[in-house]
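Novice: Sequence:
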Amino acid sequence: MKVDLREDQIKVSHPLHFVFAGRLTVQKNPVFIIEMLNQLKNFKWQCTLIGDGELKPQILAAIQEYGLEERFHLPGWVSPEDVNSYFCKADVLLMPSLSEGMPVVGIQALANGLILLGSNIGGFSDLVEDGYNGYLLPDRDLDTWVAHISSFLSDPDYVLNMRKNSLRKAEEFNLESIVQQYLDLFEQVAVKH
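Under the numbering used here, residues 7 to 199 are what the sequence shown spells out, in order.
Each hint should be verified, as a subset may be incorrect.
With a straight-line Cα cutoff of 27 Å, these simulated DSSO-like cross-link-like pairs (lysine-lysine) come out [what the hints assert, rightly or not]: (1) Lys-17 / Lys-170; (2) Lys-62 / Lys-50; (3) Lys-17 / Lys-62; (4) Lys-17 / Lys-47; (5) Lys-62 / Lys-95; (6) Lys-95 / Lys-50; (7) Lys-17 / Lys-50; (8) Lys-47 / Lys-62; (9) Lys-95 / Lys-170; (10) Lys-50 / Lys-170; (11) Lys-95 / Lys-17.
By construction, these hints were calculated from the structure, which means they are not laboratory data.
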(Lines of atoms letter the chains of each structure in order from A and count residues from 1; the text may use other names and numbers.)
(Lines give C-alpha, C1' and ligand atoms only; values in the text may rest on other atoms or scores of the structure.)
Protein backbone atom coordinates (compact mmCIF):
# COMPACT_ATOMS: atom_id res chain seq x y z
CA MET A 1 0.00 0.00 0.00
CA LYS A 2 1.35 3.39 -0.97
CA VAL A 3 1.81 5.74 1.96
CA ASP A 4 1.14 9.39 1.11
CA LEU A 5 0.94 10.61 4.71
CA ARG A 6 4.04 12.11 6.30
CA GLU A 7 4.93 11.72 9.96
CA ASP A 8 4.67 15.46 10.56
CA GLN A 9 1.05 15.34 9.36
CA ILE A 10 -0.03 12.94 12.11
CA LYS A 11 -2.03 14.55 14.89
CA VAL A 12 -3.74 13.00 17.89
CA SER A 13 -7.51 13.53 17.99
CA HIS A 14 -9.12 15.25 20.95
CA PRO A 15 -10.99 13.29 22.10
CA LEU A 16 -9.17 10.13 21.03
CA HIS A 17 -10.99 8.45 18.14
CA PHE A 18 -11.31 4.68 17.73
CA VAL A 19 -12.49 2.97 14.55
CA PHE A 20 -13.64 -0.49 13.52
CA ALA A 21 -14.27 -1.54 9.91
CA GLY A 22 -15.78 -4.86 8.96
CA ARG A 23 -18.79 -7.09 9.08
CA LEU A 24 -20.84 -6.82 12.26
CA THR A 25 -20.71 -10.57 12.89
CA VAL A 26 -19.74 -12.90 15.72
CA GLN A 27 -16.38 -13.62 14.04
CA LYS A 28 -15.44 -9.91 14.08
CA ASN A 29 -16.59 -9.52 17.72
CA PRO A 30 -17.82 -5.89 17.54
CA VAL A 31 -20.01 -6.14 20.67
CA PHE A 32 -16.76 -6.56 22.61
CA ILE A 33 -15.83 -3.01 21.55
CA ILE A 34 -18.98 -1.61 23.15
CA GLU A 35 -18.38 -3.55 26.37
CA MET A 36 -14.74 -2.48 26.47
CA LEU A 37 -15.31 1.22 25.82
CA ASN A 38 -18.18 1.27 28.31
CA GLN A 39 -15.62 0.51 31.01
CA LEU A 40 -13.74 3.64 29.90
CA LYS A 41 -16.66 6.06 29.75
CA ASN A 42 -15.04 8.32 32.36
CA PHE A 43 -12.49 9.21 29.67
CA LYS A 44 -13.28 11.31 26.60
CA TRP A 45 -13.32 9.31 23.37
CA GLN A 46 -15.31 8.73 20.18
CA CYS A 47 -15.75 5.54 18.18
CA THR A 48 -16.87 4.86 14.61
CA LEU A 49 -18.07 1.36 13.71
CA ILE A 50 -18.01 1.02 9.92
CA GLY A 51 -19.97 -1.88 8.46
CA ASP A 52 -23.20 -3.78 8.80
CA GLY A 53 -24.37 -7.25 9.67
CA GLU A 54 -26.43 -9.52 11.85
CA LEU A 55 -25.16 -8.03 15.14
CA LYS A 56 -26.17 -4.45 14.37
CA PRO A 57 -29.39 -4.61 16.47
CA GLN A 58 -27.42 -6.07 19.41
CA ILE A 59 -24.76 -3.36 19.04
CA LEU A 60 -27.34 -0.56 18.96
CA ALA A 61 -29.06 -2.04 22.02
CA ALA A 62 -25.77 -2.22 23.95
CA ILE A 63 -24.88 1.36 23.03
CA GLN A 64 -28.28 2.51 24.26
CA GLU A 65 -28.15 0.37 27.41
CA TYR A 66 -24.79 1.91 28.38
CA GLY A 67 -25.89 5.44 27.46
CA LEU A 68 -23.16 5.83 24.85
CA GLU A 69 -25.26 7.15 21.95
CA GLU A 70 -23.24 10.40 21.77
CA ARG A 71 -19.95 8.50 21.59
CA PHE A 72 -20.61 6.06 18.74
CA HIS A 73 -21.16 6.66 15.03
CA LEU A 74 -22.41 3.78 12.83
CA PRO A 75 -22.35 4.86 9.18
CA GLY A 76 -23.07 1.35 7.84
CA TRP A 77 -21.32 0.16 4.67
CA VAL A 78 -19.30 2.88 2.99
CA SER A 79 -17.10 3.10 -0.11
CA PRO A 80 -13.36 2.36 0.18
CA GLU A 81 -12.71 6.08 -0.22
CA ASP A 82 -15.03 6.81 2.71
CA VAL A 83 -13.28 4.16 4.83
CA ASN A 84 -10.06 6.01 4.16
CA SER A 85 -11.74 9.28 5.11
CA TYR A 86 -12.86 7.82 8.45
CA PHE A 87 -9.36 6.42 9.04
CA CYS A 88 -7.88 9.89 8.48
CA LYS A 89 -9.94 11.14 11.44
CA ALA A 90 -9.11 8.22 13.77
CA ASP A 91 -6.19 7.25 16.02
CA VAL A 92 -6.67 3.55 16.82
CA LEU A 93 -8.07 0.65 14.79
CA LEU A 94 -9.80 -1.92 17.00
CA MET A 95 -9.75 -5.48 15.62
CA PRO A 96 -11.06 -7.84 18.32
CA SER A 97 -11.76 -10.66 15.83
CA LEU A 98 -12.08 -14.26 16.96
CA SER A 99 -10.61 -15.53 13.66
CA GLU A 100 -8.94 -13.64 10.83
CA GLY A 101 -6.58 -14.01 7.88
CA MET A 102 -4.51 -11.07 6.67
CA PRO A 103 -6.84 -8.12 7.32
CA VAL A 104 -6.59 -5.69 4.39
CA VAL A 105 -8.25 -3.07 6.58
CA GLY A 106 -5.23 -3.35 8.89
CA ILE A 107 -2.84 -2.51 6.06
CA GLN A 108 -5.01 0.47 5.13
CA ALA A 109 -4.98 1.57 8.78
CA LEU A 110 -1.16 1.39 8.87
CA ALA A 111 -0.98 3.62 5.80
CA ASN A 112 -3.06 6.16 7.73
CA GLY A 113 -0.78 5.94 10.76
CA LEU A 114 -3.33 4.25 13.04
CA ILE A 115 -2.36 2.26 16.10
CA LEU A 116 -3.54 -1.34 15.73
CA LEU A 117 -5.10 -3.18 18.64
CA GLY A 118 -5.94 -6.68 17.48
CA SER A 119 -6.59 -10.15 18.77
CA ASN A 120 -3.49 -12.32 18.93
CA ILE A 121 -4.60 -14.46 15.97
CA GLY A 122 -3.99 -15.03 12.28
CA GLY A 123 -2.50 -12.37 10.02
CA PHE A 124 -2.47 -9.62 12.63
CA SER A 125 1.03 -10.72 13.67
CA ASP A 126 2.35 -9.50 10.30
CA LEU A 127 0.91 -6.03 10.92
CA VAL A 128 1.57 -5.43 14.62
CA GLU A 129 4.84 -5.22 16.50
CA ASP A 130 3.82 -5.34 20.15
CA GLY A 131 4.63 -2.07 21.85
CA TYR A 132 5.85 -0.46 18.61
CA ASN A 133 2.73 0.25 16.55
CA GLY A 134 0.08 -1.51 18.58
CA TYR A 135 -0.60 -4.66 20.52
CA LEU A 136 -1.77 -8.21 19.93
CA LEU A 137 -4.08 -9.04 22.80
CA PRO A 138 -5.88 -12.18 23.97
CA ASP A 139 -9.34 -12.29 22.43
CA ARG A 140 -12.19 -11.90 24.92
CA ASP A 141 -9.80 -10.70 27.69
CA LEU A 142 -11.69 -7.52 28.54
CA ASP A 143 -9.35 -6.39 31.34
CA THR A 144 -6.25 -6.53 29.13
CA TRP A 145 -7.91 -4.59 26.31
CA VAL A 146 -9.23 -1.98 28.75
CA ALA A 147 -5.77 -1.56 30.32
CA HIS A 148 -4.12 -0.93 26.95
CA ILE A 149 -6.78 1.49 25.79
CA SER A 150 -6.68 3.43 29.06
CA SER A 151 -2.93 3.94 28.55
CA PHE A 152 -3.70 5.59 25.19
CA LEU A 153 -6.46 7.72 26.67
CA SER A 154 -4.13 9.12 29.31
CA ASP A 155 -1.00 9.76 27.21
CA PRO A 156 -1.31 11.66 23.88
CA ASP A 157 2.49 11.59 23.34
CA TYR A 158 2.43 7.79 23.54
CA VAL A 159 -0.38 7.75 20.95
CA LEU A 160 1.53 10.11 18.64
CA ASN A 161 4.71 8.04 18.82
CA MET A 162 2.90 4.77 18.10
CA ARG A 163 0.96 6.35 15.22
CA LYS A 164 4.25 7.43 13.64
CA ASN A 165 5.57 3.89 14.11
CA SER A 166 2.53 2.52 12.27
CA LEU A 167 3.31 4.78 9.35
CA ARG A 168 6.87 3.38 9.30
CA LYS A 169 5.50 -0.17 9.51
CA ALA A 170 3.25 0.52 6.49
CA GLU A 171 6.36 0.84 4.32
CA GLU A 172 6.83 -2.94 4.66
CA PHE A 173 3.61 -3.35 2.67
CA ASN A 174 4.52 -0.85 -0.05
CA LEU A 175 4.23 -2.68 -3.39
CA GLU A 176 7.26 -0.92 -4.87
CA SER A 177 9.35 -1.97 -1.89
CA ILE A 178 8.15 -5.58 -2.12
CA VAL A 179 8.91 -5.74 -5.86
CA GLN A 180 12.39 -4.34 -5.22
CA GLN A 181 13.02 -6.99 -2.55
CA TYR A 182 12.09 -9.72 -5.04
CA LEU A 183 14.35 -8.19 -7.72
CA ASP A 184 17.24 -8.04 -5.23
CA LEU A 185 16.66 -11.70 -4.32
CA PHE A 186 16.54 -12.77 -7.98
CA GLU A 187 19.77 -10.85 -8.64
CA GLN A 188 21.48 -12.58 -5.70
CA VAL A 189 20.40 -15.99 -6.98
CA ALA A 190 21.51 -15.17 -10.53
CA VAL A 191 24.97 -14.05 -9.34
CA LYS A 192 25.46 -17.34 -7.45
CA HIS A 193 24.68 -19.42 -10.55
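Novice: Verify the proposed pairing of Lys-17 with Lys-50, using a straight-line Cα cut of 27 Å.
Specialist: holds, 17 Å
Novice: Within a Cα-Cα threshold of 27 Å, do Lys-17 and Lys-47 meet the stated pairing?
Specialist: Satisfied, since the Cα-Cα distance of roughly 23 Å is no more than 27 Å.
Novice: Are the Cα positions of Lys-95 and Lys-50 separated by 27 Å at most?
Specialist: With Cα atoms ~16 Å apart, Lys-95 and Lys-50 stay inside 27 Å; holds.
Novice: Is Lys-17 within 27 Å of Lys-170, Cα to Cα?
Specialist: Holds - the C-alpha atoms of Lys-170 and Lys-17 are around 10 Å apart, at most 27 Å.
Novice: What's the verdict on Lys-95 and Lys-17, does the C-alpha distance respect the 27 Å limit or exceed it?
Specialist: holds, 9 Å
Novice: Measure nothing beyond the straight line between the CA atoms of Lys-62 and Lys-95; if it is 27 Å or shorter, mark the hint as holding.
Specialist: Holds - the C-alpha atoms of Lys-95 and Lys-62 are around 23 Å apart, at most 27 Å.
Novice: Does the alpha-carbon distance linking Lys-50 and Lys-170 stay inside the 27 Å limit?
Specialist: holds, 22 Å
Novice: Mind checking the alpha carbons of Lys-62 and Lys-50 for me, to see if they're no more than 27 Å apart?
Specialist: holds, 24 Å
Novice: Take the C-alpha atoms of Lys-17 and Lys-62, compute the straight-line distance between them, and say whether it is at most 27 Å.
Specialist: violated, 31 Å
Novice: Take the C-alpha atoms of Lys-95 and Lys-170, compute the straight-line distance between them, and say whether it is at most 27 Å.
Specialist: Holds, at about 15 Å.
Novice: Checking one constraint from the list: CA of Lys-47 to CA of Lys-62, max 27 Å. Satisfied?
Specialist: holds, 21 Å
Hint compliance for this structure: hint 3 alone is broken.
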